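4 protein chains.
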Amino acid sequence: MNKRLKVAVIGGGSSYTPELIEGFILNHNELPVTEIWLVDIPEGRHKLQIVGFLAQRMVAKSGLPITVHLTLNRRDALEDANFVTTQMRVGLLQARIWDETIPLKYGVIGQETTGPGGMMKALRTIPALLDIARDMEALCPDAWMLNFTNPAGMVTEAINKHSRIKAIGLCNAPLGIYKWLMEMFDVPSDRIYAEFVGLNHLHWVTQVSVDGESRLEEMMNGDGYSAINVPQSSWNASLIRALGAIPSYYLKYFYLQKEMLQDQIETSAKEGTRAEVVKKLEDELFELYKDPNLSEKPGQLELRGGAYYSEAAVRLMKSLYNDTRDIQTLNVPNGGILDFLPKDACIEVNCIVTKQGPIPMAVTRVPQAVQGLIHAVKTYEQLTIEAAVSGKRELALLALAHHPLVPSANVAEPMLDEMLEINRAYLPKFYPEKE
Amino acid sequence: MNKRLKVAVIGGGSSYTPELIEGFILNHNELPVTEIWLVDIPEGRHKLQIVGFLAQRMVAKSGLPITVHLTLNRRDALEDANFVTTQMRVGLLQARIWDETIPLKYGVIGQETTGPGGMMKALRTIPALLDIARDMEALCPDAWMLNFTNPAGMVTEAINKHSRIKAIGLCNAPLGIYKWLMEMFDVPSDRIYAEFVGLNHLHWVTQVSVDGESRLEEMMNGDGYSAINVPQSSWNASLIRALGAIPSYYLKYFYLQKEMLQDQIETSAKEGTRAEVVKKLEDELFELYKDPNLSEKPGQLELRGGAYYSEAAVRLMKSLYNDTRDIQTLNVPNGGILDFLPKDACIEVNCIVTKQGPIPMAVTRVPQAVQGLIHAVKTYEQLTIEAAVSGKRELALLALAHHPLVPSANVAEPMLDEMLEINRAYLPKFYPEKE
Amino acid sequence: MNKRLKVAVIGGGSSYTPELIEGFILNHNELPVTEIWLVDIPEGRHKLQIVGFLAQRMVAKSGLPITVHLTLNRRDALEDANFVTTQMRVGLLQARIWDETIPLKYGVIGQETTGPGGMMKALRTIPALLDIARDMEALCPDAWMLNFTNPAGMVTEAINKHSRIKAIGLCNAPLGIYKWLMEMFDVPSDRIYAEFVGLNHLHWVTQVSVDGESRLEEMMNGDGYSAINVPQSSWNASLIRALGAIPSYYLKYFYLQKEMLQDQIETSAKEGTRAEVVKKLEDELFELYKDPNLSEKPGQLELRGGAYYSEAAVRLMKSLYNDTRDIQTLNVPNGGILDFLPKDACIEVNCIVTKQGPIPMAVTRVPQAVQGLIHAVKTYEQLTIEAAVSGKRELALLALAHHPLVPSANVAEPMLDEMLEINRAYLPKFYPEKE
Amino acid sequence: MNKRLKVAVIGGGSSYTPELIEGFILNHNELPVTEIWLVDIPEGRHKLQIVGFLAQRMVAKSGLPITVHLTLNRRDALEDANFVTTQMRVGLLQARIWDETIPLKYGVIGQETTGPGGMMKALRTIPALLDIARDMEALCPDAWMLNFTNPAGMVTEAINKHSRIKAIGLCNAPLGIYKWLMEMFDVPSDRIYAEFVGLNHLHWVTQVSVDGESRLEEMMNGDGYSAINVPQSSWNASLIRALGAIPSYYLKYFYLQKEMLQDQIETSAKEGTRAEVVKKLEDELFELYKDPNLSEKPGQLELRGGAYYSEAAVRLMKSLYNDTRDIQTLNVPNGGILDFLPKDACIEVNCIVTKQGPIPMAVTRVPQAVQGLIHAVKTYEQLTIEAAVSGKRELALLALAHHPLVPSANVAEPMLDEMLEINRAYLPKFYPEKE
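Protein sequences appear in the order of chains P, A, C and L. Counting along the first sequence from 1, when you hit position 13 you're at 13 in the working numbering, and nothing is skipped either side. Counting along the second sequence from 1, when you hit position 378 you're at 378 in the working numbering, and nothing is skipped either side. Counting along the third sequence from 1, when you hit position 127 you're at 127 in the working numbering, and nothing is skipped either side. Counting along the fourth sequence from 1, when you hit position 92 you're at 92 in the working numbering, and nothing is skipped either side.
A couple of the hints might just be wrong.
Which residues of chain L face chain P? A few of them, derived with a C-beta cut under 7 Å, are [to be verified]: (1) Y193; (2) D339; (3) K355.
Below, in silico cross-link-like pairs of lysine-lysine (DSSO-like), each with a Cα-Cα straight-line distance of 27 Å or less [said to hold, decoys possible]: (4) P:K161 - C:K161; (5) L:K258 - L:K105; (6) L:K355 - P:K179; (7) C:K105 - L:K105; (8) C:K355 - A:K318; (9) P:K105 - A:K258; (10) P:K258 - A:K392; (11) C:K105 - L:K258; (12) L:K355 - P:K318; (13) L:K105 - C:K258; (14) A:K355 - C:K355; (15) A:K355 - C:K318; (16) L:K161 - A:K161; (17) A:K429 - P:K258; (18) L:K355 - L:K166; (19) A:K105 - A:K429; (20) P:K166 - P:K279; (21) A:K343 - L:K161; (22) C:K161 - P:K343; (23) P:K105 - P:K258; (24) C:K258 - L:K392; (25) L:K61 - L:K3; (26) C:K355 - A:K179; (27) A:K161 - L:K318; (28) C:K161 - C:K290; (29) A:K343 - A:K355; (30) P:K355 - L:K318; (31) L:K290 - L:K47; (32) A:K61 - A:K318; (33) A:K161 - A:K355; (34) L:K343 - P:K343; (35) C:K343 - P:K161; (36) P:K355 - P:K161; (37) C:K392 - L:K258; (38) C:K392 - C:K61; (39) C:K318 - C:K105; (40) P:K343 - P:K392.
Hint data in this document are derived by calculation from the structure and do not stem from the laboratory. Given the structure is predicted, the values throughout are model-derived calculations rather than measurements. Positions of the beta carbon are idealized from the N, C-alpha and C atoms, including for glycine.
Start from the sequences, fold in the hints, and give me the full structure.
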């Protein structure tokens, strides 16, 4: 089986890359990748080399017939690719620091995937991803784009709406839930079934069964699930019981907005934002990566918070490649699954992954209580996407003024202006004269 | 035309009653009411008499063949009634004071028609109104219930869902908008057309035309509309322009939540809540009403904040009675008008009023930005209605925890418990052993 | 009031025109038309002159300040028009004869507004109307197109989907129903309310009230309503009672398909098709029109079958012009009124006519029994529209094979081919080399 | 693994039973059935014994720890059952003969699962199945009902709407399609994926892939698929190509109505109806079954037309039992999968089978051309179900008059009356005095 199977990794210089490489090595039997192209922007050349050389050492050690290419020329990487993964950060960690800290000054949660921070990240990222999609339309129109660039839901929806490229959004959170359930019930993943309903970073697990028997009731103890990369405020146990569903840990930003804001303000004062923590972790990782004797993924990578990203990506590629028709939780166009959202809205639900793409499964229950919140956040997402594509400040203002975490249009407006201005270099649609 | 035409006024001892009586007198030509039954609860006997005697003096002065009956026996009032109006306040102004002040202690807006205050009012009111609907099913099953008891949207939805009575919710706000437009454009009402989209106390005017020509654009100056019974925070002009629609003044609680909360806290400290202001006004009104020489509606009633309520009610009765097929803005079941809400959700939109009832008109535009907020508030309303009917605390908690004005489930829970406890006497569904 | 008010009448040489002129004369007070432009194609020059000179004599007699222009230059007629009415017949009565006779050879009903005949008429007409719409986009982009060219529902949907022109479809059938009800109940039209549900030539009257009191039950006697231009087969009384609604007389083609087909075959043998009858009537009318002493609409026009067309058109123009906000039954985009049809499907329902256009009213009841039939015919209509626009034979075949009156795809295919071939000269999209 | 696993087979005396028994024997490893209860009505005692003894011989030969019980007491069979299969024929083959012959007299297709015949079968069967469901609610409320009693779609919808029992409808047709595809592409079933859209006996295969590569285009040759139990009229090749989908062989009744009717009339004259053919086959089968030396399923059973029924049933039970989460084509409530049908309408689509039940998958494409036909037939089905439950003749008339195969209400009415009358003994809801 000498067939060419080419994967382009956009943002190849990311600290996550070694995990992805490990995934390709471990799954080579079922996903016989022949070429991996790590591509990054000129500013990332140094990191690309560090990570790329490590990737080459890892592959060499494996003895597999895979070649790892490093390039700053995106078109070379995309040409005839079968899969394109995207893990980029427009504006680098500096922009994330803005996303997380500026809102705090206005008494608003600073978070890189929702609220004002998530909006700014979307405004920076969507045009960049659409540029890649344009290139793909020309160079590899049938390739799958596996997008795990955050805010993954908005980015995936934008690509599906504004390009002809088939994009699937994926997130490590559902996989994390499965890992947690595996540990809790001490069974392998394939004996567990969890139903996810909602949007990226805004989902609820409305059904959990082990060997087909429902176990949700016994889980309604209010501890919920908290991943290591989200601050630890306990859940409100009465709320969880009343919901009869397990909220994503990101839902703490909504259900415990007050406490989370307080926590962010305190943590930020003490130890800096999550972005600053991550920056430090990344610097340490890159120091490790440089070691010419290192030829495997270092354990410290797991502290980085992106656990399972690579696992999710490789699993999805395997299923698309092999027409596996297994169930995965993905970000896909709604169709009619959630009947109160537009058909082209991107949602996060269980899908059957066929070679023709993921097919969403019906959701057996959407708790009445959560429909309004899902719709409110989706409204913000739609407005943000259109703002990103059009560069219209008024759409960005509408998005913010209607976001559940923003307490006033009078707060939204100056906050928006400050954030737009500081991000100016990354927002050519908003500042076209700067192009 | 000696046909009997009987109107039952539930909560007949209300300070609003003289306005209603005036309406019947002025419109007798087109709405030849023969009997008005003012009914109240025993605790309201004193007020009923004061108001009732004034009503009798007003009718006597008019010389019209109308009889005004005062009674504490609701069944007498309802028997064979053609129209039933409801303007009650379970728990009286004391309960309103709770609704408006307890949330403030938790840093949440205290308002009698939305948020925690609106929920408590709904929990007290819905069972009482359903009791009346049960009586109507037996005594006047074909009568129209004109409900202007707040929260009018929830109450009307509850009656339409949980009884066989035909209920229409009405509010003075749309009429107020028309009065404001009449003044602004200096034309009579019938040359103006305004399209309303949304829910009770959560609507947007998305179209304004005068003589059929659109005038909305020139109105997008950000001053918006503020009625005298809502505190005066200016609108955010950029928001209004971006919306391309005029938000209801109640939307300040959402769009300017932070400022409105601050304002409530300050005003409450200085001059008491709106409830306390109203209580004072009402006491003064009742002093006036006692004057045996008074035989017309006193001008001071307009300060009370309920301007146009009577006008709205009489106009609606006239159209139902005469099959007028004119356009009125009413609270009716959604059908498919707003496609993202359930068909049985109560919405506030323009309707054609026929003798068979109001028929909603399609809305020509629902601004994308507002759909999520409408859905979020409707979710809270649905949960509140089911909580009121079932007496389930967990539904009330879900309602609050998902309300856009409540910043945390951990805030919602103790606030809810305090409010339930203090309202105990009015919540037999929640405290059944007390029945 | 010297304001210019220009009406362009496309197909001005039609035998209907005198009725339209009479309408403008009678309603000049409320609709002060200043210019009427009668325009026709070169082949219609002779008829245009006969009708046009009559129109000029009628206007002269009226003494009103209206000018009547005759032209073969459509662009002159359209320039700055306020209203454009369309009453054209691509292929003239000859094509109608094909529509009505060829299907009979295949054992299929031959009818000019549905089934194979209706499809052929749509295929000929839609491109011609879209051409006019293109001219209007350039010459009078804000004008209203009042389309009463059949099949009016499909044509109107095509224009609304494929141009930027505001088109309203109208039909004389609803007005005919009102006339019939006026006679039956002996009351003027404004005391009657009838609710229409469905599509053009496929509607049901689901509610009839007089002075607001429902009278539908007493009408369920099975006689239904039959206009003079539709063959007289009696209705099935049990069906009508079971429906609880009055079907349009066109529904006989569906509910009594077998009898109607038999009737067509017999009538066609005896006296020719309806088209041939009409041709004879028209010839007689034009003989009358030529009389230079005639300066009013001759009574014989009513036999022609288009009674009330002009009344419907002038009434609609009056309401659009004066922002009357009265209720008219029109063909407009569905929005969400019928929730099982696409939002852009054209439906025939009651609307409020404002200067900004008609706003459909919610329907209070859609009998469950008729939903599938409405959807089946709408499917045929959608496919036909796309066939007309694209010239794709396979879409026309799909349309026919799924039409409820066509008993087999093996019947549909040769019938389609024969009809396409004979209509070749009028189907440039299907026969592009002929262009 | 000594756990009890009980299956009740309603209509156990059916000629299909040996196939089912064979299925249980072959799959015992994964579906360790311990008890099989064959139950039938007193009139079927003789057949039950013949079939039951064969079943016992088959099980004995297998040496597996399964007991086979024969009973006329349904409650014994149902008590604590895990699965209940239903394969009954109210009125026996005689009624089927009526279903297939009476319509022919009226020039209407006689078919036991759609049109007038299907309606009568539904009217006889639904109340009988609902009786069983009532027993199940009391005796085995958590059991799965696997319904393959025709008309399976209507029966399953009726049970899901009018009882609390979890019913799944299944049909051998999708499995037959898979067998045909396996042969055509010479690959095992698990390398094929076919997407089904529609209703029971009214589906289209809109996607076929082998190893994930689409093969639909090459199949658009017009031969379609014909099973041995449906008369052989060739498909119309142009239609198939235009559809871009493979219609179920039952769709010949709709797409080739004329030819199928002609064929039925001729066949009926020559060789009797399908019912009569089946009756003869069954008599022969029962002769074989009586042979005390026979202890396996005779090959002749495949001529009976129910091939794969047992395979479908056992496969479904295995997946429910083992939480297999594989894809099967089943009849389940619509949810929002087909957005133009009610949520509680039963549709036939691909589902993931979990222990909690089947979860429908989104359909990736619903050909526009078929939506109206699906809706038209579903309308007939809904009306038929309500007629069956209520015994209202007018609903049955509406169902027939709106069925695409019935050419006139005037045909429908006498045909209905004749069919009701002859079925009188099996229609207690319609003839309550006979109860």
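Each hint tested on the structure:
1. Because the closest C-beta pair between Y193 of chain L and chain P is about 6 Å apart, less than 7 Å, the hint holds.
2. Hint on D339 of chain L holds. Least Cβ distance to chain P is approximately 5 Å, under the 7 Å limit.
3. Proximity of K355 of chain L to chain P holds as hinted, the smallest CB-CB distance being about 2 Å (cut-off 7 Å).
4. Distance hint between K161 of chain P and K161 of chain C is fulfilled; the C-alpha atoms sit about 21 Å from each other, no more than 27 Å.
5. Between K258 of chain L and K105 of chain L, the direct Cα distance comes to roughly 15 Å. Compliance with the 27 Å bound is thereby established for this hinted pair.
6. As the CA atoms of K355 of chain L and K179 of chain P are separated by approximately 21 Å, the hinted pair is consistent with the 27 Å bound.
7. For the given pair, K105 of chain C sits about 24 Å from K105 of chain L by alpha-carbon distance, which is consistent with the 27 Å threshold.
8. Straight-line distance between C-alpha atoms of K355 of chain C and K318 of chain A comes to about 26 Å, which keeps the hinted pair within the 27 Å bound.
9. For the given pair, K105 of chain P sits about 15 Å from K258 of chain A by alpha-carbon distance, which is consistent with the 27 Å threshold.
10. For the hint linking K258 of chain P to K392 of chain A, the alpha-carbon distance of about 26 Å falls within 27 Å, and the restraint holds.
11. Proximity of K105 of chain C to K258 of chain L is assessed by CA-CA distance (about 15 Å); at most 27 Å being required, the pair is judged to hold.
12. With a C-alpha separation of about 26 Å, the suggested pair K355 of chain L and K318 of chain P falls inside the 27 Å cut-off, and the hint holds.
13. Proposed proximity of K105 of chain L and K258 of chain C is supported: the alpha carbons are some 15 Å apart, at most 27 Å.
14. Taken as a hint, the K355 of chain A and K355 of chain C pair is honoured in the structure, with Cα atoms around 26 Å apart against an allowance of 27 Å.
15. Restraint check for K355 of chain A and K318 of chain C: satisfied, since their Cα atoms lie roughly 26 Å apart, inside the 27 Å limit.
16. Taking the CA atoms of K161 of chain L and K161 of chain A, the gap is about 20 Å. The hint holds against a cut of 27 Å.
17. With a CA separation close to 31 Å, the supplied pair K429 of chain A and K258 of chain P exceeds the 27 Å bound.
18. At roughly 12 Å between alpha-carbon atoms, K355 of chain L and K166 of chain L fall within 27 Å of each other, so this suggested pair holds.
19. Restraint check for K105 of chain A and K429 of chain A: satisfied, since their Cα atoms lie roughly 26 Å apart, inside the 27 Å limit.
20. Between K166 of chain P and K279 of chain P the CA atoms are separated by roughly 32 Å; this puts the pair beyond 27 Å, and the hint is violated.
21. A threshold of 27 Å between alpha carbons decides the hint, and for K343 of chain A with K161 of chain L the separation of about 20 Å falls inside it, so the pair holds.
22. For the proposed pair K161 of chain C and K343 of chain P, the alpha carbon gap of about 20 Å is at most 27 Å, so the pair holds.
23. Restraint check for K105 of chain P and K258 of chain P: the C-alpha separation of about 15 Å stays at or below 27 Å, so the hint holds.
24. Distance restraint check for K258 of chain C and K392 of chain L: the Cα-Cα separation of roughly 26 Å lies within the 27 Å cut-off, and the hinted pair is therefore satisfied.
25. Under the criterion of a C-alpha separation no larger than 27 Å, the hint pairing K61 of chain L with K3 of chain L is consistent with the structure, at around 22 Å.
26. A distance of roughly 21 Å separates the Cα atoms of K355 of chain C and K179 of chain A; the hinted pair therefore holds under the 27 Å criterion.
27. For the hint linking K161 of chain A to K318 of chain L, the alpha-carbon distance of about 42 Å lies beyond 27 Å, and the restraint is violated.
28. At most 27 Å may separate the alpha-carbon atoms for a hinted pair to count; K161 of chain C and K290 of chain C exceed this at roughly 40 Å.
29. For the suggested pair K343 of chain A and K355 of chain A, the alpha carbons sit about 22 Å apart, so the restraint of at most 27 Å is met.
30. Between the alpha carbons of K355 of chain P and K318 of chain L the distance comes to roughly 26 Å, so the proposed pair stays at or under 27 Å and holds.
31. Distance check on the hinted pair: K290 of chain L and K47 of chain L sit about 10 Å apart at the alpha-carbon level, within 27 Å; holds.
32. Taking the CA atoms of K61 of chain A and K318 of chain A, the gap is near 22 Å; set against the 27 Å cutoff, the hint holds.
33. Restraint check for K161 of chain A and K355 of chain A: satisfied, since their Cα atoms lie roughly 21 Å apart, inside the 27 Å limit.
34. Note on K343 of chain L and K343 of chain P: the hinted pairing holds, with a Cα-Cα distance of about 17 Å set against a maximum of 27 Å.
35. Distance restraint check for K343 of chain C and K161 of chain P: the Cα-Cα separation of roughly 20 Å lies within the 27 Å cut-off, and the hinted pair is therefore satisfied.
36. Among the hinted pairs, K355 of chain P with K161 of chain P is consistent with the structure: their alpha-carbon atoms are about 21 Å apart, no more than 27 Å.
37. For the hint linking K392 of chain C to K258 of chain L, the alpha-carbon distance of about 26 Å falls within 27 Å, and the restraint holds.
38. Taking the CA atoms of K392 of chain C and K61 of chain C, the gap is near 51 Å; set against the 27 Å cutoff, the hint is violated.
39. Distance hint between K318 of chain C and K105 of chain C is unfulfilled; the C-alpha atoms sit about 45 Å from each other, more than 27 Å.
40. Our distance criterion of 27 Å between C-alpha atoms is met by K343 of chain P and K392 of chain P, whose separation comes to about 24 Å.
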